[in-house]
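**Student:** Per this note's numbering, numbering of the sequence shown is gapless, rising by one per residue and ending at 461.
Calculated from the structure, these hints are not laboratory results. Backbone N, C-alpha and C fix where the C-beta goes; we use that ideal spot for every residue, glycine too. Be aware that one or more of the hints could be misleading.
[Unchecked claim] Here are the simulated lysine to any residue pairs, SDA-like style, with alpha carbons at most 25 angstroms apart:
id : residue 1 : residue 2
1  : Lys305    : Glu336
2  : Lys305    : Leu217
3  : Lys374    : Leu391
4  : Lys305    : Lys374
5  : Lys305    : Gly270
6  : Lys374    : Asp414
7  : Lys374    : Pro405
[Stated by the list, open to error] Between beta-carbon pairs, the in silico distance windows are:
id : residue 1 : residue 2 : range
8  : Leu153    : Gln287    : 22 to 32 angstroms
9  : Glu455    : Gly206    : 15 to 25 angstroms
10 : Gln427    : Gly255    : 53 to 63 angstroms
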Amino acid sequence: MSALGHGGAARPEAERAEVDNTLELRRLTVAFPTRDGLAVAVNDVSLSIAPGQVTGIVGESGSGKTMICRAILGLVPRPGAILAGEILWRGRDLASASPSGLRRVRGREVAMIFQDPSSALDPLFTIGDQIAEPLRAHRGLSRSAAETEAIELLGRVGIPSPRERVNAYPHQLSGGMRQRAMIAIAISCKPALVLADEPTTSLDVTIQDQILGLLAELRDEYGMSMVLVSHDLGVIAQNADTVAVMYSGSIVETAPTAKIFSATRHPYTAALIQALPTIHVQERRSGLEPIPGQPPSLDDLPPGCPFGPRCQYATDACQAVDMTRVAVGDGHDSACPFAETVMVAS
């Protein structure tokens, strides 16, 4: 029996099959008030997360990737708020759910692995206490049973000497072990969906690979869906089934991962790929094509396509684009109405 296999009663297969674990965002808008107006961090975003799949969300820093994850769990930091749209999960709209309703979902059905475990973990409580908290709250385990399961979870995510580490405080663990502890907390209640927000940030390459490998194992073992947020196209290419590309709060392109890299249909995605280092480019010490300019301020977006001022294909017509994505292939959508003309090939 696996380390996660004996806590709580398992639902019958027939009952489990009846639960729709598709997450659907419909025209989600999240904004923050500023002196100059509203900074729209997530701008009219629609996206479906299929059961059992890894959906990668990629884009530059500040593009809205993390805010989508926070909005799903009702964790948009104040004074930000969801202004419009729906977040549909198992027949409920999480965007309008009550605080108590969201607490029932967080950790139990949908869990999040935060970008920085150093700030996400409470320095005043042991790792064991922090893993045990959702076990007791959502699964009703006793203190001793929760501690036993916490030890098993630490072992499952690859932390050595879990019986000793369960009593350690966050500062006593390395960065890689803190991230593994965060993963243990996230999977403790076997959620159907895990939101992994830059789970390998600040880790060295070897540890990054171990963490991503662990997430893949857990996904296969427990059949979880996953949203993998990253600014690293290489991470997305190796780990995601489908990709959503974000720019300045909008999703500009969605496609199966292979299509994103072989038949890009949005100029921003193409620019990201062209700026991606390869061994060949590094050997030549030339050939990288950085994207000119800077992303616009979220409280002062340009008219039409926000990528227009940086786009080599832009025309005056781009100022009237409404960022609605249209189908450009099987499972492939682009917000560029001139995608047929651009036909960018990476």
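**Student:** All the hints need checking, so say for each whether the structure fits it.
**Tutor:** Going through the hints against the structure:
no.: 1; hint: Lys305 x Glu336; result: holds (11 angstroms)
no.: 2; hint: Lys305 x Leu217; result: holds (17 angstroms)
no.: 3; hint: Lys374 x Leu391; result: holds (16 angstroms)
no.: 4; hint: Lys305 x Lys374; result: violated (31 angstroms)
no.: 5; hint: Lys305 x Gly270; result: holds (16 angstroms)
no.: 6; hint: Lys374 x Asp414; result: violated (32 angstroms)
no.: 7; hint: Lys374 x Pro405; result: holds (22 angstroms)
no.: 8; hint: Leu153 x Gln287: 22 to 32 angstroms; result: violated (43 angstroms)
no.: 9; hint: Glu455 x Gly206: 15 to 25 angstroms; result: violated (38 angstroms)
no.: 10; hint: Gln427 x Gly255: 53 to 63 angstroms; result: holds (58 angstroms)
Comparing the model with each earlier hint shows violations of hints 4, 6, 8, 9; every other hint is respected.
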